[in-house]
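Q: One letter stands for each residue in the lines below.
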Amino acid sequence: MVVKTLPEIQVKKGEPPYKIWIFEPGEKKELPLIFNLRQLAEQRRPALLPGHRMCAGCAAPIVVKLASFAFRGPTIVVTATGCLEVSTTIYPYTSWALPWIHNAFENAAATASGIEAAIKAMKKTGRLKYENVDVVVFAGDGGTYDIGFQALSGMAERGHDVLYILYDNEAYMNTGIQRSGGTPKYAWTTTSPVGRVIPGKSENKKPIADIMVAHRIPYVATATPAHWMDLVKKVRKGIEVNGPAFIHALSSCDRGWRHEESISVEVLRRAVDTCYFPLWEWSPETGYLLTDRSLVIARNPSLKQPIEKFLEVQGRFRHLLRPENKELVKQLQEYVDATWNDLLKRASNAPR
Amino acid sequence: MSELELVPKYPREKQTMINVNGDEAIAYAVKQSYVDVVAAYPITPQTIIVEKFSEFVANGETHTEFVAVESEHSAMSACVGAAASGARAFTATSSQGLALMVEVLYIASGLRLPMVLAVVNRALSAPINIHNDHSDAYLMRDAGWIMLFAENVQEAYDTTIQAFKISEHPDVQLPASVHIDGFFLSHTLENIYTLPDEAVYDFLGGPRKIAKVRVDYFDEEVNYALDPARPLSIGNLALYDYYFEIKVPQVLSMRKAEEVIKEVNEEWYKLTGRKYGNGLVDPFMVEDADIVIIAMGSSAGTVRSVVKKYREKGVKVGLLRIRSFRPFPHKDIVELLSGSKLVAVMDKGIGPGQYGALYLDVAASLYHSKSKPILVDYVYGLGGRDLSPEMVEQMINNLLKDLEKGYILEEERLRFLGVRG
Numbered sequence: 001m002v003v004k005t006l007p008e009i010q011v012k013k014g015e016p017p018y019k020i021w022i023f024e025p026g027e028k029k030e031l032p033l034i035f036n037l038r039q040l041a042e043q044r045r046p047a048l049l050p051g052h053r054m055c056a057g058c059a060a061p062i063v064v065k066l067a068s069f070a071f072r073g074p075t076i077v078v079t080a081t082g083c084l085e086v087s088t089t090i091y092p093y094t095s096w097a098l099p100w101i102h103n104a105f106e107n108a109a110a111t112a113s114g115i116e117a118a119i120k121a122m123k124k125t126g127r128l129k130y131e132n133v134d135v136v137v138f139a140g141d142g143g144t145y146d147i148g149f150q151a152l153s154g155m156a157e158r159g160h161d162v163l164y165i166l167y168d169n170e171a172y173m174n175t176g177i178q179r180s181g182g183t184p185k186y187a188w189t190t191t192s193p194v195g196r197v198i199p200g201k202s203e204n205k206k207p208i209a210d211i212m213v214a215h216r217i218p219y220v221a222t223a224t225p226a227h228w229m230d231l232v233k234k235v236r237k238g239i240e241v242n243g244p245a246f247i248h249a250l251s252s253c254d255r256g257w258r259h260e261e262s263i264s265v266e267v268l269r270r271a272v273d274t275c276y277f278p279l280w281e282w283s284p285e286t287g288y289l290l291t292d293r294s295l296v297i298a299r300n301p302s303l304k305q306p307i308e309k310f311l312e313v314q315g316r317f318r319h320l321l322r323p324e325n326k327e328l329v330k331q332l333q334e335y336v337d338a339t340w341n342d343l344l345k346r347a348s349n350a351p352r
Numbered sequence: 353m354s355e356l357e358l359v360p361k362y363p364r365e366k367q368t369m370i371n372v373n374g375d376e377a378i379a380y381a382v383k384q385s386y387v388d389v390v391a392a393y394p395i396t397p398q399t400i401i402v403e404k405f406s407e408f409v410a411n412g413e414t415h416t417e418f419v420a421v422e423s424e425h426s427a428m429s430a431c432v433g434a435a436a437s438g439a440r441a442f443t444a445t446s447s448q449g450l451a452l453m454v455e456v457l458y459i460a461s462g463l464r465l466p467m468v469l470a471v472v473n474r475a476l477s478a479p480i481n482i483h484n485d486h487s488d489a490y491l492m493r494d495a496g497w498i499m500l501f502a503e504n505v506q507e508a509y510d511t512t513i514q515a516f517k518i519s520e521h522p523d524v525q526l527p528a529s530v531h532i533d534g535f536f537l538s539h540t541l542e543n544i545y546t547l548p549d550e551a552v553y554d555f556l557g558g559p560r561k562i563a564k565v566r567v568d569y570f571d572e573e574v575n576y577a578l579d580p581a582r583p584l585s586i587g588n589l590a591l592y593d594y595y596f597e598i599k600v601p602q603v604l605s606m607r608k609a610e611e612v613i614k615e616v617n618e619e620w621y622k623l624t625g626r627k628y629g630n631g632l633v634d635p636f637m638v639e640d641a642d643i644v645i646i647a648m649g650s651s652a653g654t655v656r657s658v659v660k661k662y663r664e665k666g667v668k669v670g671l672l673r674i675r676s677f678r679p680f681p682h683k684d685i686v687e688l689l690s691g692s693k694l695v696a697v698m699d700k701g702i703g704p705g706q707y708g709a710l711y712l713d714v715a716a717s718l719y720h721s722k723s724k725p726i727l728v729d730y731v732y733g734l735g736g737r738d739l740s741p742e743m744v745e746q747m748i749n750n751l752l753k754d755l756e757k758g759y760i761l762e763e764e765r766l767r768f769l770g771v772r773g
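Protein chains in written order, with the numbering used here: chain A, 1 to 352; chain B, 353 to 773.
Any given hint could be a false lead.
Which bits of chain A does chain B cover? Going by a derived footprint, with three or more residues having C-beta under 8 Å, they are [stated by the list, open to error]:
no. : region
1   : 18-29
2   : 83-90
3   : 95-107
4   : 125-136
5   : 149-160
In short, the hints are calculated from the structure, not lab data.
Every residue, glycine too, gets a C-beta built ideally from N, C-alpha and C.
Produce the entire structure from the sequences given, and follow the hints as far as they go.
A: Take a look at the structure:
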């Protein structure tokens, strides 16, 4: 094992490296977005404190920490039942530096709706201590694609001012890697095992972000923590819009995807490079817009990597690399190409 | 002060009489209770509450945020979110809607969030049915909610306002449900007396007050709410090392709720001139009764009228109406039934393989009474079947025979009233 030394984080003198986020009543200050790493290290602390028990190599805490760098002020976080929830709030401890609530698995969006309604009612009656309080949801793919979808769709239809961030690790990882509506085709999971007859999950991933676009809410985007500035910008946009916003963040799970814990960010980079998970944003005004690496690939198609680059580093696709499964890989490539070309047609900033 | 001397702060002439059904009475009570968030979903026979309340909102008669959620599960979830934010929250449902809510009912009480739920009791499917029985209420009996049953529309109005006060009491901090019988009360017009808005506002002490808690990372006590000034985590994972210690205080608070329900009942009496027994139980001629009938909800009115008739004939029969199903008034039952010889429990719901839920609770009380009356369970009114005075008479006549005989065999202890075949 290679022992690496951790980088020295420069922090202001007298300031603890980690602290609880406190907004005194009436505080009127919008936190600026910071993209300079030194400044970020000096001036900002993530909302997720160390000591949580997420697995080494899990991308979900990276998603949360990056997202929290985009929070603009008083914020309430809602989390659906899942890895993130159980591993960060084991009583009597909590890793959350701001007000946080967990209700159940399928109702994070409904809980957030109630919080947002309460904030509105308090504001109306002069009882809200701040100009506004933002509500952000973090939920996994199970709590979003499957069991929580109804509540999410309802929240979007009713137009609650909530940012819903899906951290998609493409299976029920908290219960031990079972297939979900977010699991890609031919991926191995414990409920879509690779058998003698069936080669992993038989169905494609549900296009959740496009489904949210179909709700015509003010803002929808995809992101990964490998493209961190893109993610941070999108989270801020999602918070700033008036009404529901949805961000689909791909989040690698080394336990479930069966990869080295040190390459989590690299795997996500490959997901974008192969156009398996393109980066884009959508609003009713702009339509689809490619962002970050995906825009670069659209402009220079030779940069697009074959799907094998994404599959080969993950044990959940190991069976696809066998010679007899070449046809399956071809199918996956065709699917990725079709969805990517479809996106290129829709994205107004893609070269024609 | 004796009852005759008492002049309520708002005597009848200072109250406004309105003609409403049970659903409308509850919607009106909620409007007066300075509720911040109402999240609800339509279901018969509760729907009028949602409709009526939407009208109040549409006409700008209240500041309440009405969230027309896409299911009852989300209704209760939104109420949890709202209550955790420090708001006063309300929802209403029936039957299948309540069944869908059950998961979150346990969470609301486990997180110690005060709120009020109106349950317009309706039979559970299958067969699907829209009429009244208490099977839905029995479904939530262990959910950790205070459960209050109203007998008439006036009581539905009164209890709804009281429920907010009980639920938010610093010693209680538990959600409360107000139960009315579907159609029998929800769709039946009654003239009721209502307080002026400001009287209700004062009775509840204005907007909801947030309870304080102590956490180790703040020096001072902080709001038990999602407060950016003093952040807390609500809804943590607690395993075998803490879960038990978190659940037991819930039981103790429920015990304290008994006293609070009584206090609020007295306070309401001083304000309006109306009270319902001691708040937990509402006895009628039980002191010297040989036979006591125990019932909940609107049926108590029918039973009371028959009891009166039998009393005129010299038959020593009485009625004990249970108003608070949770917390269950074990102490009152033991005291009130100490002289009785036979107790008949009327259950508007069944538990296949077991007696009705109310019977079980009464049996648990009476095990500790010295007199140990004969106990029998009458299951009646399932799926909205009417309870006629004749049926009650038939029941009392049978009970008189049982009393003469002096015993009831085990196989006769569960009886069905008003069923064919």
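Q: So, for every hint listed, does it hold in this structure?
A: Against the structure, the hints come out as follows:
With 6 residues having a Cβ less than 8 Å from any Cβ of chain B, the region 18-29 of chain A passes the three-residue criterion, so the hint holds. Look at the region 83-90 of chain A against chain B: 4 of its residues bring a Cβ nearer than 8 Å to a Cβ of that chain, three or more, so the hint holds. Counting residues of the region 95-107 of chain A whose beta carbon lies closer than 8 Å to any beta carbon of chain B gives 11, which reaches the threshold of three, so the coverage claim holds. Against chain B, the region 125-136 of chain A contributes 5 residues with a C-beta closer than 8 Å to a partner C-beta. That satisfies the three-residue criterion, and the hint holds.
For the region 149-160 of chain A, the stated coverage by chain B is satisfied: 6 residues place a CB nearer than 8 Å to a CB of that chain, which reaches the threshold of 3.
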